[in-house]
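**Student:** Now for the letters of each chain:
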Amino acid sequence: MEFRNNEAIYLQIASHVSENILLGKWLPEDKIPSVRELAVQLQVNPNTVMRTFEYLQNQEVIYNKRGIGFFVTPEGVEKVKHHRKERFLQQDLPEFFRNVFLLDISLDELQKRYEQFKTEHFTLK
Amino acid sequence: MIHIDNLSFGYRRGTLLFQNLHLSLSRGHIYGLLGKNGAGKSTLLKNMTGLAFPTAGTCTIDGADASKRSPEVLSNLFFLPEEIFVPSTTTAKFVSNTAIFYPKFNEEEFYQYLTEFEVPREAVMDKLSFGQQKKVMIAFGLATNTDLLVMDEPTNGLDIPSKVQFRKIIASALNEDRCVIISTHQVRDLDSLIDSLVVVHNREIVVNQEMDSIAEKLVFATLPTTDGYDVLYAEDSFQGQNVIMPNHEGVFSRVDMELFFNAIISDNQPLLQLLQKDKYENAI
Numbered sequence: 001m002e003f004r005n006n007e008a009i010y011l012q013i014a015s016h017v018s019e020n021i022l023l024g025k026w027l028p029e030d031k032i033p034s035v036r037e038l039a040v041q042l043q044v045n046p047n048t049v050m051r052t053f054e055y056l057q058n059q060e061v062i063y064n065k066r067g068i069g070f071f072v073t074p075e076g077v078e079k080v081k082h083h084r085k086e087r088f089l090q091q092d093l094p095e096f097f098r099n100v101f102l103l104d105i106s107l108d109e110l111q112k113r114y115e116q117f118k119t120e121h122f123t124l125k
Numbered sequence: 001m002i003h004i005d006n007l008s009f010g011y012r013r014g015t016l017l018f019q020n021l022h023l024s025l026s027r028g029h030i031y032g033l034l035g036k037n038g039a040g041k042s043t044l045l046k047n048m049t050g051l052a053f054p055t056a057g058t059c060t061i062d063g064a065d066a067s068k069r070s071p072e073v074l075s076n077l078f079f080l081p082e083e084i085f086v087p088s089t090t091t092a093k094f095v096s097n098t099a100i101f102y103p104k105f106n107e108e109e110f111y112q113y114l115t116e117f118e119v120p121r122e123a124v125m126d127k128l129s130f131g132q133q134k135k136v137m138i139a140f141g142l143a144t145n146t147d148l149l150v151m152d153e154p155t156n157g158l159d160i161p162s163k164v165q166f167r168k169i170i171a172s173a174l175n176e177d178r179c180v181i182i183s184t185h186q187v188r189d190l191d192s193l194i195d196s197l198v199v200v201h202n203r204e205i206v207v208n209q210e211m212d213s214i215a216e217k218l219v220f221a222t223l224p225t226t227d228g229y230d231v232l233y234a235e236d237s238f239q240g241q242n243v244i245m246p247n248h249e250g251v252f253s254r255v256d257m258e259l260f261f262n263a264i265i266s267d268n269q270p271l272l273q274l275l276q277k278d279k280y281e282n283a284i
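The listed protein sequences derive, respectively, from chains A and L. So that you can map any letter, position 115 of the first sequence is 115 in the numbering used here, and since no number is skipped, the others follow by simple counting. So that you can map any letter, position 191 of the second sequence is 191 in the numbering used here, and since no number is skipped, the others follow by simple counting.
In case anyone wonders, no lab produced these hints; they're calculated from the structure. Possibly wrong hints are sitting among the right ones.
Not everything, but these chain A residues come out facing chain L in the computed CB check (under 10 Å) [to be verified]:
#, residue
1, F3
2, R4
3, N6
4, A8
5, I9
6, Y10
7, P33
8, R36
9, E37
10, Q41
11, Q43
12, R51
13, E54
14, Q57
15, N58
Distance windows between CB atoms, simulated [what the hints assert, rightly or not]:
#, chain 1, residue 1, chain 2, residue 2, range
16, L, T225, A, F88, 31 to 41 Å
17, L, Q112, A, P33, 17 to 27 Å
18, L, S266, A, I105, 44 to 54 Å
Everything numeric in this text was worked out from a predicted model, so none of it was measured. Glycine included, each C-beta is placed from N, C-alpha and C at the ideal position.
Using the sequences and the accompanying hints, generate a full structural model.
**Tutor:** Quick look at the structure:
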């Protein structure tokens, strides 16, 4: 994992964990890797991973079974989607709109491209 | 875990390397110790581990004076010097001769670390290359499971895959009882591993702060020009200027340790004052 410069590492690790939950690599009620395992894998300070887990616990994406480890909550996938959507709407969408406006891209064109993108990437199953 | 109080030290009478140092280091952290050549990093580590004796003041480990070198203290600390001496024996022999001084030594862990570092376990230690010798001693130091682990430039001489292994092993070795102190010039080797930064400069500890706290107070960025910005420190780079600015908006940027270090040793007073504000003492 290559860390970016503009986001705290603990949040980048949170995205990494969330991504695995969205991809179904870790299912609801699955045990996720321990703080130590993740710290070793990502070569980061275990305190940083601890902070990630506290953050994800607050978001109710994972929960702690004392003495056993951390597990994905039953509603983990929805929670991740919800938080990601919030973040997308607040951070990425304004930037996207700004470009759409500056470059004078019509909504019709966007719609067409969006449909094309969907068929190319998500319907071939 | 470590308390340095009013410590002064000089190798020769009349020339002090440190004057009235204060420093507290606690368990559960990995400290990165930075300083220019000759600033006294190694000397500071030696004072902590009972290998050099303060001219004035004290350094205590869990309340016990480090310079008394009591067996209880020494058996719970491991110091890996920058230049190592290894005997002409096999690693197995070394373990059976030396591990007895460390009650929490774990032989299984030792061989596991050696395997991860790809050092043959039956090797005769002084026949190994410098990097291989260093890896044996790192593995040994970690396997002692001492609460205090002090390493002086541990990544010097390690090849690229070994540095990755080193980071993984250190990440796995930290727990809430352990205090790890690593002095280094190779800040990039360790930058997501250390959580607190200690900088020695001009006979003093000028910085002792958690990385998170530094990132809260300062912004690290690259700007085309510094005009119109509240810039504390700037360096030319091919993309423009690498700068440090006060973090007014509470944004996050990753601490650029090299830039930060250069700013500190250029005696950048505004930056130092900003860091000192609501000074963070992590003494617990």
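**Student:** Next step is simple, just say for each hint if it's right about the structure.
**Tutor:** Comparing the hints with the structure gives:
Because the beta carbon of F3 of chain A sits about 6 Å from the nearest beta carbon in chain L, less than 10 Å, this interface hint is met. With a cut of 10 Å, the hint placing R4 of chain A at the interface with chain L holds, because the nearest CB-to-CB distance is about 8 Å. Because the closest C-beta pair between N6 of chain A and chain L is about 6 Å apart, less than 10 Å, the hint holds. Hint status for A8 of chain A: holds, given a least beta-carbon distance of 5 Å to chain L, under 10 Å.
Taking 10 Å as the C-beta contact cut-off toward chain L, the hint placing I9 of chain A at the interface holds, the least distance being around 6 Å. A cut of 10 Å between beta carbons decides the hint on Y10 of chain A: the least distance to chain L is about 9 Å, and the hint holds. Hint on P33 of chain A is violated. Least Cβ distance to chain L is approximately 12 Å, over the 10 Å limit. Satisfaction of the interface hint for R36 of chain A is found here, the shortest Cβ-Cβ separation to chain L being roughly 6 Å, below the 10 Å cut-off.
Given the 10 Å rule on beta carbons, the hint for E37 of chain A holds: about 9 Å separates it from the nearest Cβ of chain L. Taken as an interface hint, Q41 of chain A checks out: its beta carbon lies about 8 Å from the nearest beta carbon of chain L, inside 10 Å. At a threshold of 10 Å, the smallest CB-CB gap from Q43 of chain A to chain L is about 4 Å, leaving the interface hint in force. With a cut of 10 Å, the hint placing R51 of chain A at the interface with chain L holds, because the nearest CB-to-CB distance is about 8 Å.
Interface restraint check: E54 of chain A against chain L, minimum CB-CB distance 13 Å, threshold 10 Å, status violated. Hint status for Q57 of chain A: violated, given a least beta-carbon distance of 18 Å to chain L, over 10 Å. The beta carbon of N58 of chain A comes no nearer than 17 Å to any beta carbon in chain L, farther than 10 Å, and the hint placing it at the interface is violated. Range check, T225 of chain L to F88 of chain A: about 32 Å between beta-carbon atoms, so the 31 to 41 Å window is met.
Range check, Q112 of chain L to P33 of chain A: about 19 Å between beta-carbon atoms, so the 17 to 27 Å window is met. At about 48 Å, the CB distance of S266 of chain L to I105 of chain A agrees with the hint of 44 to 54 Å.
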